[in-house]
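K.L.:
Line by line, the protein sequences are chains A and B.
Going by this note's numbering, the residue at position 193 of the first sequence is 179; the numbering climbs one at a time, nothing skipped.
For any residue, its number in this note's numbering is found by taking its place in the second sequence, counting from 1, and adding 24.
Hints in this document: simulated from the structure, not taken from any laboratory.
None of the values given here were measured: they were computed from a predicted structure.
Subject to a maximum C-alpha distance of 30 Å in a straight line, what follows is the list of computed DSS-like cross-link-like pairs (lysine-lysine):
no.: 1; chain 1: B; residue 1: Lys174; chain 2: A; residue 2: Lys87
no.: 2; chain 1: A; residue 1: Lys157; chain 2: A; residue 2: Lys186
no.: 3; chain 1: A; residue 1: Lys186; chain 2: B; residue 2: Lys307
no.: 4; chain 1: B; residue 1: Lys266; chain 2: B; residue 2: Lys320
no.: 5; chain 1: B; residue 1: Lys246; chain 2: A; residue 2: Lys87
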Amino acid sequence: MLDNVKHIILILSGKGGVGKSTVSTQLSLALREKGYKVGLLDVDLCGPSVPYLLQLEGKDVHQAEEGWIPVYTDEEQNLAVMSIGFLLNNRNSAVVWRGPKKTSMVKQFLTDVCWGSLDYLIIDTPPGTSDEHITVMENLKNVKCDGAIIVTTPQQVSIEDVRKEITFCKKTGIPIIGIIENMSGFVCPHCSDCTNIFSKGGGESLAEMTNIPLLGTLPIDPKVGQLLGKSCVREFPDSPLSKEFNNIVNKIVST
Amino acid sequence: MPTEVPEHCPGVESENAGKASACAGCPNQTVCSSGEANQPDPGIQLVKDRLSQVENKILILSGKGGVGKSTVTALLSRSIANVDSEKNVAVLDIDICGPSQPRVLGVQDEQVHQSGSGWSPVFVEDNLSVMSIGFLLGSPDDAVIWRGPKKNGMIRQFLSEVDWGNLDYLLIDTPPGTSDEHLSAVTYLSQANLTGAIVVTTPQEVALLDVRKEIDFCFKVKIKVLGVVENMSTFVCPTCQKSSEIFPASTGGAQKMCEELGVPYLGSLPLDPRIARCCDEGKDFLTVLADSKALKASKDIVAKLLQACKDVAN
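All chains should be built: construct the whole structure from the sequences, respecting the hints.
P.N.:
Right, here's the structure in full:
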């Protein structure tokens, strides 16, 4: 199923709530803006955020002879999305599954979705280094995977978990494309003073320590959380966040 | 726990265990068909015995990661221990892949020791102790790359083999989600009189979406929700003192969610960057940040929590 996918990129972080899904959705949207055909696979089974972030809640996945047909965000079918969120009847009900069941679902997502031909497949993951991650790695072994982008916030509590994720990548042989530091600083809308709410410089020092390129640092911008399906680089191209994000996307495309 | 199971394994709890066609050739077939495998996990009794001297057992849950479960756990446990030095409080960190408690409580470089009566936890204060997988790792870079069954074994050990002594409160910090760690903790605590759960969230919809799932989990496995704490609600700029919403509550925030789901709302904690710094450095918020609005708000939450525990006990 992944034969016609040119590039596969994993979005990882040991820590939850650092912005993996926001980076995944915005990266997918930005790549679509650049004219690529993109697929976005959400393997976070207990907390799928992608359908909400792309305003696709309530959409259905169809089963065809060849496999699952993903949900398309646009008529031109340039961005296809697959998430367990599309398979749940109620957005509030919990998916209470142990590892083996999660493993088989992730496997199905990787082998049974008809993506067609894609330039990029972005895979959004849950936090941690457990069942979902091991399964993704095992199933991508025989497919050419470009590597992982690691998302972190600047504070030590987050860096500490992310270091474990980097060890995971090294142990499983997945190359790391680079680190994105998210929620770097917050510019007060009243006085324009910048406060480093979650500390600062963590991504940079992590990049130095581990010899992994730092792709960029994204400031906190409450507007991003409310984009819901729209691309930041298109909606407010002149904001510091969008400029930095655009740089990051260019770096990813050129590697 | 077998790692390789036949594709159509009926499951050890099933009536057909050991008798289904898929069981032919499985090395566990005899054990399953004899009914032995269907016995309740002996760990449940061990946990019950071990925690019989623990008055209140509270789970700290959230469907979403990074909302402040560990920070809230540390804040609550430090506050409870501080209010009354006669009360013994402990924190158990069952986030196996991303343990944060050793750093947040400032005992990162400590080690746990094993004695005849079990693992001795690490003491933060005279009446506050903590146990975490973080103490068992050689280096901060060590990743715990484990599938579910291995994580479950670790949680069972944590619940049944730590020598807590007499405790008034045991706060159990969990990873995000509704999967192995949560099910194991709930199963092993099923006979041990679990007091209930505190659910932590942030105000924005993308977090509430996952947190509603967590509350649904509590309903499904019949855990009492003691209340919901909203963290990072407003941010007050240290320069101009004006507030902004970093994670805007576009759908009414935690309070509205609590009304909809019929669970108690304990209060909200403002976003104070100094708290994040305290967590990084493992400093005691209560002494370093005595003037913080977040700490004032937490006093009210602690009082409500202690009352909720009393109500459950009666």
